[in-house]
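Q: Let the hints inform the model, and build the full structure from the sequences given.
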Amino acid sequence: MSRSIFMLVVLVAATLAAASEGGISAEAPADYWHGAVQEDIQLLLSFALGILFVRSAETIFDESTEGHRQHKKLELMERRIEIREMSGQQTADGVALEKHVEAGDGTCEAVMSLQQIEESLNQLGSDGTVELDRLKQVLVKIGMNAIDADTVLDTSQSDGKIKISEFMAWLSAKSGKLQCVGWKDNIILATDSYKFSHWKQYPPGTEYVYSYFESRGCDRGWDEVVFFGLQYFLKRYLLGAVISREKIDEAEALCSEHFNGEGLFYKEGFEYILEKHGGKLPISIKAIPEGMVMPTRTALFTMVNTDPKCFWLTNFLETLLVQVWYPMTVCSNSRYQKLSIHESLEATGNDFWAIPGGSVFKLHDFGFRGVSSVESAALGGAAHLVNFLGTDTVAALLCTKKYYHSKQAAGNSIPASEHSTITSWGVEGEVDAMKNMLEKYPTGIVACVSDSFDVFKACREYWGSSLKDLIKGRISGDSWGRLVVRPDSGDPTETCVQILSILCEQFKEDVTVTTTGHKLLPAYIRVIQGDGVDYESIPKILGTLKDAGYAADNMVFGSGGALLQKLNRDTFKCAFKCSEITVNGVARVVFKDPITDKGKASKKGRLTVQRAADTAKSSEEDVYKPRQDENGTPGGEGFLHYTANGQYVTVASGRGDPEKDLLVEVFRDGVLLKDWTLEEIRRRADIPNGPFSQTS
Amino acid sequence: MLKKTCSSVGRSSSLRLFARPAVAAMGAFCAKPEIDTIYETDTGAAPYRSNFQDNIMLLSDSYKTSHWRQYPPGTTEVYSYFESRGGKYDEVVFFGLQYFLKRYLQGKVVTRERIDAAEKVVNAHMGLGEMKHFNREGWEYILQQHDGKLPIVIKAAPEGMVVPVKNVLMTVVNTDPKCFWLTNYLETLLVQVWYPMTVATQSRAQKKVIMDSLIKTGTDLPNMPNKLPAPLKMITVGYQLNDFGCRGVSSMETAGIGGAAHLVNFCGSDTMPGLCTAIDYYKLPLEACAGTSVPAAEHSTITSWTKAGEKDAFENMLKQYPEGIVAVVSDSYDIYNACEKLWGTELKDLIASRAPPTGKLVVRPDSGDPKTIVVEVLERLSKHFPVTTNSAGFKVLPPYIRVIQGDGISYESLKEILANIEAKKWAAENVCFGSGGALLQKLDRDTQKCAFKCCEAVVDGKPRPVFKDPITDQGKKSKQGRLKLVKRAGKLTTLTDGEGAESEDLLVEVFRNGSVTKTFTFQEVRQQSEVGLVTPIFDVSACEFCLRDPCGDVDGELAATTQGQIDLGPMPSNECREDLLQGLRELLTSRELCDIALVAAGGQAFPAHRTVLAACSPALRARISKLNSASLQADGLPVISLDVKHSEAVKALVDSVYGIGAAESDRQYSPSSEAANMDVLKLAREFDLPALEDQVGLSECPLIRRRHD
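First to last, the protein sequences are chains A and B.
Just so you know, we're using full-length UniProt numbering here: the first sequence kicks off at 1 and counts up by one.
Just so you know, we're using full-length UniProt numbering here: the second sequence kicks off at 1 and counts up by one.
Any given hint might turn out to be false.
Okay, the calculated bits of chain B under chain A, using three or more residues with CB under 8 Å as the criterion [unchecked claim]:
#, segment
1, 73-87
2, 117-126
3, 172-178
4, 314-323
5, 464-473
6, 585-598
FYI, nobody ran anything at the bench for these hints, they're computed from the structure.
For each residue, glycine too, the CB sits at the ideal point set by N, CA and C.
A: Here it is in structure tokens:
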């Protein structure tokens, strides 16, 4: 990959050199695009856009003399690049790139830098721009459709020309990217190994495999989940032509080693998708609308193949799609904390509920460093943003923007110190470091970690005495700001109580009392607890504070590991199970019901999820009853799986009413059919009287 | 990917472009719900597949963007370190940093376009709009002065090294005084090393438990041969704990990192992304057996035959995979019935007919109490299959049937299960394990209490030790001054305050100013991580027999293996071995004792010696180990076909391995064409032969030379 990007740079150089040497300029004749230069540019763009790989480039320039010349050129370049890479001389930008263009009986050697590319581009165009239409023509010619070409070239925003400087910025960014994760984009490899062997294992004549995903309960006693995150996986991994020749070859090579050369890889199956479906996955996925709060033990999404030859594909995708457990679990866990904070705010007399009041900034995401990867941070952070507006996980902002149409910043943060920026002033300099914080950020909210040495001394002697006036001055006239004091060690409950008592004493002249009689610090100072915060400690801390006479609004929480990492697939017992299979045109129900674990029984047949009110119940017989003992009916009896609260029912065995189905088709044959926005998801997932339901 | 190109083009409007392709595409898809229209307008492109993770300025906690204003005036250097402050395990396997370096930090990572993008995000996100928090000036400086590469030095423990907790594992410092703020800006990303490190640490602890139990129940691991083509130690231990974690982790990137970390200790893995990460980031040759898997059933492939058809489903498994190992989940309805009636009676003969050593059915229970279910399944199977007792007095099932427990496996339950197996007089070798969530997900930064702390700052030209020491938690006290990891009295320990000599520092510089300065191969990582184990399993040696009898059937020859082995040492540059090399060259020239031939596609065969090739290149060694009596032959020698067109490239490889070009100037490498040269390069890279690569780099293409003339 890095090599092809590099080739791209060289090819740009070669192309432009060819163009400029040939004396082609802005005044070039109209049929210029049909000449040799066009071929160069086609080649260039094919690389640039990743449409054609080396293989297809070879086919373009097959046997013809011109083709041979081009091919030769490619080889030369490739060699040069590789040598550069090996010898470590390779640099991204601003350094000369060597170009080889075979000429006559020998080889000429030329050197071209990005700067020279830019110059050549300037010769091709005028006023620092190149005409978009010309580039677009070429794009369409090499197989891109017009809509895509428009998007790539972003025609809507320009006056028919593309700025060379912008192109160069993109080019230099591309050439700077030296490392790439190949597998990430290969859907064939985003799976468990054993899945590769499954196509041989279904009954002969299998045509459709229908599976579903559910939460089988919760080990924390919660009975609801927020369904969230599937859209990320669909957009990131499944949309469009995701199977290509290269990916098949790559996967085949890997599998032959991985399975000790037993030839298990189902090449024909993937080739069929490539040829018959243009590389798009013939799958239909229906899902609960994202953000909807559902009781556990209901189907959350279902999947089935749309081409009978691809029956094996449904469960091949299980590994990837089951990862939805993660954003869903983060989101649900975060929502339960929102409920508990909201409750404490109500109980201690909070009277400001619209954004930014209420719970919406009360739980801040500190989890970036504590998760297992950047991708997890992005996904988990986005799930937290469904419920709250405070985050320090920047990757989440990009994720919600890219995958959920959020606005500029889906969450907010404030300047804050860390230990290093305080301790680097020395033990004696701690107070100077704190003063520096207040002075460098004279307005607005600023948070300062205060436990580097002695958090109680810091609260009493620094914040509460020597720096007191600076803090009070943050709210005066037009300016509004606040200091947020952060303890970061010790028992969270005890530390918070002690700090609040110190601060309420030091700032007592401005402390107010809420309607419920709880003390509230002046608006210019608050406390953030960011250590040891989770779904259990928040109610504990707030409960203790309430009993000690302090309002919940004094506090903000930050949570890292517990919010984004200390969760697993068992938290909500997420599972993906096959429930129906069609063999030789006949549908049969499929289920498992191990005698060794009743909780693992799965639902049967095609499923719909309906409101109980919408669902006819002809008799009690229809209500699902699990297998009673070893001799009971395997898979249980009845087809109406009511939720614990009785509001919803998963209707099994294909007995449901599609009209009333809450599951919405979101994906079909490579195309996204439903695109939820963060805004609507937030509204759906909001708690009663929550921040996103308030109309302000 | 496609649209990323677009979103990256606009300098002035790059942020708007982030979202725009999505809107454009979705507008086309969603505004018109009729299916047919959707098909028509479907572009086939993948508008979202661009990577949003590539902007280093945004791979940090928000508050870090404000820190540049907070250090003392006159700060020129910030020096920080990473450690495990204790935790569940007393020693950690340091692993995974190389992934982060290569994936996120290497090369030109700061560009004008990314600065623009980051600025917009940060300034919209931070504060109440009262001031701009993004350090544009600082990033511009890096772009201009350092060509967008990070002026940082990172030193770290060698990857795979086993280090007791509370020792320094990595240090980071800026190399440009103006970029003092950069060191800790990278903390967020670098601290994520906690994850692969913790996975590898826990997986290694489980390996210890398994090895102990194997030895205790009669598997003589220390004295087991470990030679190609049947490295018994590796096979016996390497597949005892298989990675089932791909679906249970929080993202595919996590699966990649965590899966690779497990492979440090074991061979068995179902997590394909983990394998890919090891290949991509740790130069693992595809041929080397890093992680392998076997065909296996899942519930859907069994239950889809319906309850009445469970036996047919089982039979289909045995017949579809007539040889090799095959695992079948057997608890869909009634595991006991499956063990006794189906496997133990109706399919018994079919199982037994899948002959050892490779034919093996692995029965998988997947529910019930893990501690008891394994023994229960063993007991039920033993009613129907002939059980033997090994020398230590433990029962062993016949080699064609085994049990795998893949449900509820963690470090703790593994110990309990094995204890129960031992108590019931079963040998540990009857069972292997699969672990998912516990292996890759039920871990967190607190498992090994990982932290990254600043320990020295240079202010006004004077270094000052920096530390925190909260009265509220003494365990959070940090180290101070410059740190070194050294060995004292045989134990790893950390020196603080700049003590000790540079030469004894075990921390290796792995990154400097945008370049990865040291790359560890996966094999190196594995060998490091085996230090301190009862016996290494990845230390596979070549088979002596292969040298003696080139045409022998290497598959079944294991019993004939003797202890002897020939170590040719690093080749071919080692001068003290020159006499040996000379001898080998003569043997090659006279074609004596040659036992293998290398061939380009349809071209000439070049005879050579297996041991010589194997000693020079692990990848060649792997290829050689796979030869058997059915392999192609040329001139009576088994053949390794090389995927190149030009025979002269093969010759160049052989010459390079035997040091011919270096010794005889008239046979200097001189390619006849660029294509041939490309082939040489390909071989050099495929088989990791740096000497050969150097030749390519040094050579002048005759075509080019002609022009200069």
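Q: Decide, hint by hint, whether the structure agrees.
A: Each hint, compared with the structure:
1. Here's how the segment 73-87 of chain B fares: 3 of its residues keep a CB closer than 8 Å to some CB of chain A, so the rule of at least three is met and the hint holds.
2. Coverage of the segment 117-126 of chain B by chain A holds [criterion: at least 3 residues with CB-CB distance below 8 Å; count 6].
3. Here's how the segment 172-178 of chain B fares: 0 of its residues keep a CB closer than 8 Å to some CB of chain A, so the rule of at least three is not met and the hint is violated.
4. Under the rule that three or more residues need a Cβ within less than 8 Å of chain A, the assignment of the segment 314-323 of chain B holds, with 4 such residues.
5. For the segment 464-473 of chain B, the stated coverage by chain A holds: 9 residues have a C-beta nearer than 8 Å to a C-beta of that chain, and at least 3 were required.
6. Counting residues of the segment 585-598 of chain B whose beta carbon lies closer than 8 Å to any beta carbon of chain A gives 0, which falls short of the minimum of three for the stated coverage.
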